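Chemist: With the hints as constraints, model all of the structure from the sequences given.
Going down the list, the protein sequences come from chains C and X.
Using the working numbering, the final residue of the first sequence is 266, and nothing's skipped along the way.
Using the working numbering, the final residue of the second sequence is 248, and nothing's skipped along the way.
Be aware that a few hints might be false.
Stated by the list, open to error - Listed next, the in silico DSBU-like pairs over lysine-lysine satisfying Cα-Cα at most 35 Å (straight line):
id, chain 1, residue 1, chain 2, residue 2
1, C, K41, X, K84
2, X, K218, C, K184
3, C, K41, X, K218
4, X, K218, X, K84
Calculated from the structure, these hints are not laboratory results.
Note that the structure is a prediction, hence the values are computed from the model and not measured.
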Amino acid sequence: MIMLVHLYETFLSTLKDVLPIGLILFGFQLFVIRRPIPNLKNVIIGFIYVVIGLTFFLVGLEKALFPLGRLMADQLTNPDFIFGKDASIPDVVNWADYYWVYIFAFAIGFSTTIAEPSLMAVAIKARDVSGGAIGVWGLRIAVALGVAVGISLGTFRIVTGLSMHYFIITGYVFVVLQTFYSPKMIIPLAYDSGGVTTSTVTVPLVAALGLGLAETVPGRNPLLDGFGLIAFASLFPVMSVLAYAQVSEYLAKRQSRIKEASNSDE
Amino acid sequence: MWESVIKAFLSLLKSMAGSLRDLAPIIVVVVFFQIIIFGQPLPNLGELLIGLLFVTLGLTFFIYGLEMGLFPIGESMAHAFARKGSVAWLIVFAFSLGFGTTIAEPALIAVAAEAASVAANAAVIEKTAEAQLSYATGLRYTVALSVGIAIVLGVIRILKGWPIHLMIIAGYLLVVTMTVFAPKEIIGIAYDSGGVTTSTITVPLVTALGVGLASSIKGRNPMIDGFGLIAFASLLPMIFVMAYGMVI
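Modeler: Shown next, in the form of structure tokens:
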């Protein structure tokens, strides 16, 4: 019964989120384009599916994953777990003591990104547009690895208290350098992949981890140091997708070189 | 008749299996850490399983709806605007889509409220509920404005065929320069605001719009010119939020 109420409330709030978008779309369609929408029935059913889908998705996340994710973030950042029970907490922590946090950050960053619906949307579109040259799984795994490294590094930054902008600026330098050596086709998609990774699934879990760390690591301020993980999670996928394209291009070139060599042998 | 029902049911089951596979990594990570690392049982196993079923069902419906509704309407509108040839209306549409979808974004509302309490603690603004609310509202409008402008900029880029990397690199330079001058408290929030603006419904719509535009304009390649709108929508908020922090 409580579940039903929860479903209903989430349905209403999702509807409220979708409504302005629907109004903009249908408003422009009616008053500016002034043409009937092709397959109107399907489009409306599609919108209903999206709202129902998001509703179940959000309620399921809140029931199952978020409490567990928050619980884990709490357990992992608990000084009892890191320094052992009854051990005193040092004033200056050794960053290496937090190794489980980095591993968890990597694992949770990777796995939540694989389940991220907006990344799926972009991956499907990229596959269709590229005629299958960019596989859905190739892109998703590349992005997920980027998020994993980004969040892992982000937790390291919170533990050490280093300034975030040094990391971000170094990241930018990498992106710019990679841009000049990457296949032209992939560049816009790679830039996009930074923005799509962090939505429904990743943000709440990652925020809990960041806040938990900033609260328990001595000398950190949750208000100042709790932020920044999302920025890391949006920057690193750009690098990993560019790297993915560079590696696949290199492999394809090598393959064709080997083929050419064997052809000229004959 | 029964045959088609069974067929539909089987295809639903198949998509659900696909969604379950997408969720498998999370399950593995959570179970591994809870049982192996912490040596504790999974709490509320029943609720956990129901939640998992819901997530799987939700993901399946979402993907169905995406391909039935969001993608087609995004593309058909892009084609219609390209045929109509009215750049002015296209720009108004792009701005409304960016602004309208961002202003109501729940993640942004949460981040803005948090940012206001950071600012109050740092004594940038007064520590009253009223001052914090007005700061948070201002921040939300700033971000929504920046996303609206970002989509407009991205659409103009598609129309003109400008190379994206030069624009993004220029944006990076601006971000880095502003980081030096912006107040320290706002930087973390500004950097994060780029990531929270693009929601699950906005991303497919905006992507379909870009790809649809690029494929209906002669001389544009949907792969090179169609993508990139999201990139602007995650870069511009950083610049605008830092500017907001500098002005206030």
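Chemist: Holds or violated: K218(X) with K184(C), Cα cutoff 35 Å?
Modeler: Given pair K218(X), K184(C) holds - Cα atoms ~19 Å apart, limit 35 Å.
Chemist: Are the Cα atoms of K218(X) and K84(X) separated by 35 Å or less?
Modeler: Satisfied, since the Cα-Cα distance of roughly 14 Å is no more than 35 Å.
Chemist: Compare the distance between the alpha carbons of K41(C) and K218(X) with 35 Å, and conclude whether the hinted pair is satisfied.
Modeler: Holds. K41(C) to K218(X) sits at ~30 Å (cutoff 35 Å).
Chemist: Within a Cα-Cα threshold of 35 Å, do K41(C) and K84(X) meet the stated pairing?
Modeler: holds, 24 Å
This entry satisfies every hint, going by the numbered hints stated previously.
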